Amino acid sequence: MNDLTPSREERTENLKGLGCSRKRVEDARFTQGKGNYVDDIKMPGMLFGDFVRSPYAHARVKNINSEEALKVPGVLAVLTAKDLEPLGLHWMPTLAGDKQMVLADGKVLFQGQEVAFVVATDRYAAADGIEAVEVEYEELPVVVDPFKALDPDAPVLREDLEGQTEGAHGPRKHHNHIFLWEAGDKEATESVLASADVVAEEMVYYHRTHPCPLEPCGCVASMDKVNGKLTLWGTFQAPHAVRTVASLISGIAEHNIRVISPDIGGGFGNKVGVYPGYVCSIVASIVTGKPVKWIEDRMDNLMATAFARDYWMKGKIAATKEGKITGLWCHTTADHGGFDACADPTKFPAGFMNICTGSYDIPVAYLGVDGVYTNKAPGGVAYRCSFRVTEAAYFIERMIEILAIELNMDAAELRRINFIKKEQFPYQSALGWEYDSGDYHTAWEKALKAVDYEGLRKEQAERVEAFKRGETRKLLGIGLTHFTEIVGAGPVKNCDILGLGMFDSCEIRIHPTGSAIARLGTISQGQGHATTFAQILASEIGLPADSITIEEGDTDTAPYGLGTYGSRSTPVAGAATAMAGRKIRAKAQMIAAYLLEVHDDDVEWDVDRFAVKGAPERFKTMAEIAFAAYNQAIPGIEPGLEAVSYYDPPNMTYPFGAYICVMEIDVDTGVHEIRQFYALDDCGTRINPMIIEGQVHGGVTEALAIAMGQEIAYDEMGNVKTGTLMDFFLPTAWETPNYTTDHTTTPSPHHPIGAKGVGESPNVGGVPAFSNAVHDAFRAFGLRQSHMPHDHWRIWKTAHDLGLHG
Amino acid sequence: MAKQHYTLTVNGEQRDVLCEPRELLIHTLREQLDITGPHVGCETSHCGACTVEINGKSVKSCTVFTAQANGADVTTIEGLGSPDGLHVLQEKFREHHGLQCGYCTPGMITRAHRLLQENPNPTEEEVRFGIAGNLCRCTGYQNIVKSILAAAAEMNAAKEAAE
Amino acid sequence: MIPARFEYHRPSDVSAALAILTEHGDDARVLAGGHSLIPMMKLRMAAIEHLIDLQDIAELKGISVDGGTITIGAMTTQHELIDNADLAKAAPILREAALQIADPQVRYVGTVGGNVANGDPGNDMPGLMQCLGATFHLVGPGGTRDVAARDYYEAAYMTDREDDEILVSVSFPVPEGGYAYEKQKRKIGDYATAACAVQVTMAGGSCTAASIAMTNLSDTPIWSKDAGAVLVGTDCGPGAIGAAVDAAVAAIDPTEDNRGPVEFKKHVAGVVIRRAIERAISRA
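Chains as they are written, first to last, in the numbering used here: chain W, 1 to 806; chain C, 1001 to 1163; chain B, 2001 to 2284.
Since the hints were made in silico from the structure, they are not lab data.
Below are the DSS-like pairs computed for lysine-lysine, each with C-alpha atoms no more than 25 Å apart in a straight line: (1) Lys314/W to Lys324/W; (2) Lys2187/B to Lys1146/C; (3) Lys225/W to Lys290/W; (4) Lys474/W to Lys2266/B; (5) Lys2187/B to Lys474/W; (6) Lys2266/B to Lys797/W; (7) Lys1146/C to Lys34/W; (8) Lys2061/B to Lys1057/C.
Under 10 Å between C-beta atoms, here's a sample of chain W residues computed to sit facing chain C: (9) Lys23; (10) Arg29; (11) Ile264; (12) Gly265; (13) Thr724; (14) Ala733.
Source: prediction; values computed, not measured. All C-beta atoms, glycine included, are put in the ideal place defined by N, C-alpha and C.
Using the sequences plus the hints, can you model the full thing?
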C-alpha cells in the first residue's frame, strides 16, 4: 500500500513539464561567461586562417602573387583555387543545386568574395599575410539590378554555366537566369483577374538584409592523420548535414568525420549553409597536419556570408465590390547574387513562397518566381523564417492593405471577410498546401479589442484633421497584420536538402536511478532546447525535467537530424522527442505490470507512474520502473530502458498570429516612434510560455530593424555600403519599444503534443505590422506603396512626394 | 615592435603578459589569459559583446590595446560572481529570461554592473540609455531591462537591510 | 580586423610627447580615447608607426570653471563632462551634447581633445566649440599657440594643427542665456544626420546675442555668423527664427551618405536648427 500524497497536481508541478515557465538550464553557464563558443576552442599547435577578399564585385583575377606574404613571419601557407583544384575542392555544391567557388577560380562575382586563404600561426600573422598577398584584377562590368541582369546584352556572370540551358530546377531562359518556379493555376487566375470587379496591382519589394547573429561564423578543423579522423567544430545550424556534405565533397568517409556544434551565438539562418571558410580550414588542416581555426569578422559576415530576402514581388489581387477576394497573382524576381546558395528544400527553389495566399480563403492563385544571378553575395537564407515565408507574408499583407485602399474599405474588415473560417480546416490552399488548424477570427477579434481598434481609428481621423489644420506635424499609423506561417519542414515525401529527408530524431536513455539523457538531431542557438525538450519529455515519461539532460550538436553521439532552422525543432524534433518518450512509456508499462503482478492492460498512466486501474494506491513510479529495467530479469523483456524515434511529420504546421503596431511619424524628419505593439501568437500547444514570450520579443525586434532601417545596400559598382554595425541597423535598447504579448491556443491536430513552433512568427508577422503602420499613416494622403526599409530619409521622401512639406 | 611585458590586475589577480603593443585587450584576455567570457561581435566598438571594466569604467576591449591597459585594474564577467555564489545580476538575468544565445550576456551584465554602481536606482529609461552600447540580437531587450531593474531592487533592499 | 605593427609610447608629460612627435614626424600619431583612431588602424586605413598614448599626462586633464572662463583639458572624457556638476551649471549645453555622443562605453574613454582635434566632420564637439566661441590651445616645438575653434577646421580631417603639435585644452567664456544641442541620428552610436548647437541671450524680450553652429552638414563644422546676427535685435518670433534657419541652411553643404540624399539632409537640417533655436529661446 502506497501513500497517495503528494497529490496529482503536486506531482505534475514537480515534473516541470509542458506548459510551465521553467527557468533555463543553459543560463548558469552563459551568465558566468562559461559558454563554449567556437572561438573559445583552443588546441595545441592550432593555426589561424583568413581570407584575401575581392575589393571588386565583378573582375577577372589575372594573377595572385603570394611571394611576399610567405615571407611574413608566422605565415605558413597561402591557398588559392589552383591549390584546391587537384583535390576537386576549388568549387563546392550549394544547398540549392548550384555550385560555388571556394576560392576565386579565374574571376570574382561579388565584393568580399574569397580569393586566397592565408594560414598562419595566429590571427595577427594571418592579417599581415593578407596585406602582403598581391592580386591583379581586371574589372568587369557590374550588374546589381536583377531586372537589368536579364537584359539580352547583360554581361555573362556565370561563365562556367555558359551554354547550359538546363539548371537544377528546370530550363534557364537567359545566361543570368537560374530558374522559373511556378505554383497554382496561371490560366484560371488570369481569367479571374480579367473579369473581376476590382483588381489591385502593385510591386512589393522586400529588400536585401542579413541575419547578422552577434557571433559571426567560424570553425576549427582538426585532421588527425594518425587515425584518419577529421573533427570539425563550427557554427552549424545543421551539423549532421554538414558532416554528410563534408564527406561528399572531401571524399573522407562519413564515419571518419565528427562534426560538433558547440554553443552558438545566434543563427537566424545565417549558419545553415556551407561556407568557403569551412572547406579551406579542412584543407589547411590536412595540408599542415594541425588544427586550423577560421573566424570571420563582422565586415566579412555582412559582405560575404548568406544574406536574406531580396524579392521583387509583383502582385495582382482581385475582389468583388464587397471585398471578397476572388484571385491572387504574383510574379517574383528573386535576386540570388553570384551563386545560388539558398538554403531551401530541394523541390522548393523559392522556398515556401507559395504560402503567399496567407490567412485568406482565395479560390484561385498563381505564383511564378524567377531566380536571377547578380554581382552580389550569395545566400537567400531564411532569416528567422521558414524558407521565404517572411517574403510571402509581407507580400500578402501589403496586397491586402492595397486592396483595402482600392475598395475604400477598412483593412481590418477586409481581412475579417476573407479569413479562412475555423470550420474550413484542414484547408486546401490554392497554391497547394493543407493548413492544419486555425481560428483566425477569434484571434483577430481578440487583438482588435485589446488595442481598442475603433478608438485608434477615431484618434487617427482626428489626427489627420489636426494635421490638415496645421496643428501637428505628426501622423498616426495603425499597422495591422494577420499572418499564417508554414513551418516544421518537413514531410520526407516532399522535403529534402541535398537528398537528405527532413525528418528529425530523438534518442533517450533512462538511467537506473531515474534520470535520463536525450539526444536530438537539432541544435539550439539560443532557443533553449535543453530546457524545453526536457519539458516535453518530462510530461511524456514522468521524470522531472530537472533530471533530464538534453544534448545536441555532436554527430558522433546524436542521432541524425536536419538541424535547427525554419522553426522546425519543435514541430519535428519535438515530435520525435514525444514519440521516443512514448516508446519508453510503452516498455515501462510492461515492466510496471510485471512488478505489480497484473496484466499490461490493467495498469494506467498517471503523471509519473503506472497504477493499477481502480486501485491508484498500487503503483510503480517511473523511477522505480527505471531501476527495475536494469536490475530485474523480466520474462520477455530486454533489460534497459532506451528508445529512439525518427519522426517524419505527416504535414507542416501552420502557426498564425495577429500583430498590431501603433506608430507616430514625424513627417518633417522621417523619425518614427512606436507607441504600442501588440503581438498575439497562436503556436498551438505552448511548451514554455516564458521562452515563447522571449522569442516573440526578439523576433519582433528583428522585424523592427528590418522594416525600419536594416539593409544590405550596394552602390552601382557593387560595393557594399552597409558593411559595419554603424550602417547596418541593429537597434539598441533605446530604439526598441516594449511589446505586449498575448495568445490563443489552437493545437496542431497531427503533432503528437499539438505544438506548432513559434521562433519565427514574430519576424514573419512583425515586418508587415511595422511597414503597414508606416503606410497607414500616409493612407489619408494617398500613399499606396513605398519600399522598405522605412528609415528616416525614405519616410521623409514619402511625405515629400505626397506634398506634405508644403 | 618586439613583444613587451605588461602587467594587469585581472579580476583581482595580477597577471603578466607578453605581447606586441598592437595586441587588442580582448585577444589578450581571451587567448593568453583564457578569460573567454567577453566576446568579439563587431570589432568596431558598436556591439559591446567585449565589454569589460577598466579602472571602474565600462570599456569595449576590442578597441583598447593591451598596452593601454598596462597597470590597470580589469574586471570581466568572470570577476563578478562565482559558481558558488552568483552575482545578483546573474541570478536576475536567469530569473527574468534576460538572455537567449548568451553571446552578448557577459558584456551586458558587466555593463549593467557598472551602471548600477553609478545609478543604484535607475528608471527604465535610464537602464535603456545605460545599456545602449550593448547590442542583443535575441531578446529584444525587454527582459534584459526587467532583469536589471529587478537586480537594482534586490541590491537596494539588501543594502537597506544591512543598514 | 587587426592593426598593423607600431611602436607604443606612453610619455608622462607634454614635452616628452612632443619630443617623440618631433622625432618621428608624419609617422607618429597621438592617441587619446582611441575610439576613432583604433578602428581606423584595425581597418588598416591609418598606418601609424609610432603611437603616443597621452593617458599619463596629468596636465592634459581636468575641468576648471574660473571666473568667466571654462577650461577643459584635452584628455577629459565625455563621461567626465557629463559627470561634472560645476560644468553642468556653468555650461549645460556641454552635458546635453555629450549625452548624445556615441554610447556609454565610448563616452568613458572618448575625450574632448580626440573629438575636436582630428577634424572628423561627424564629431559633435567641433560644432559645439564653434558655437561657444572656444579657443583651442596647442603646444608644439615652438611653444604654445591659440587657435579659434571657428578658424581651426579646413576640410574633412584637415585642420590648422601641425603634425608636431598637440592639443592641450579648449577654453571658452561661460555661456549665457538659453542653450540647446539638437541632434537627429539613426540610432545610438550613430553620427548626426544633422545636429545644431545654439546659445541665445534675451533681454527685455529682445535677443541680445545668438550663436548657431552645425555638425555633419559640411566637410567641417559650420558656424553661421549670419544666422546668429539675424536673431539679434529681434523678439525671436517666428519670422526671425525662420530667417535665422534660412541663413543657417544657406551655409551648409551636406553630402549624400547612408543617412540620406542632400535634399533630405538640407530639409532635416532646417528642422533640427529650428528646434534647437526654439528650445534655446525657451530656456533664455
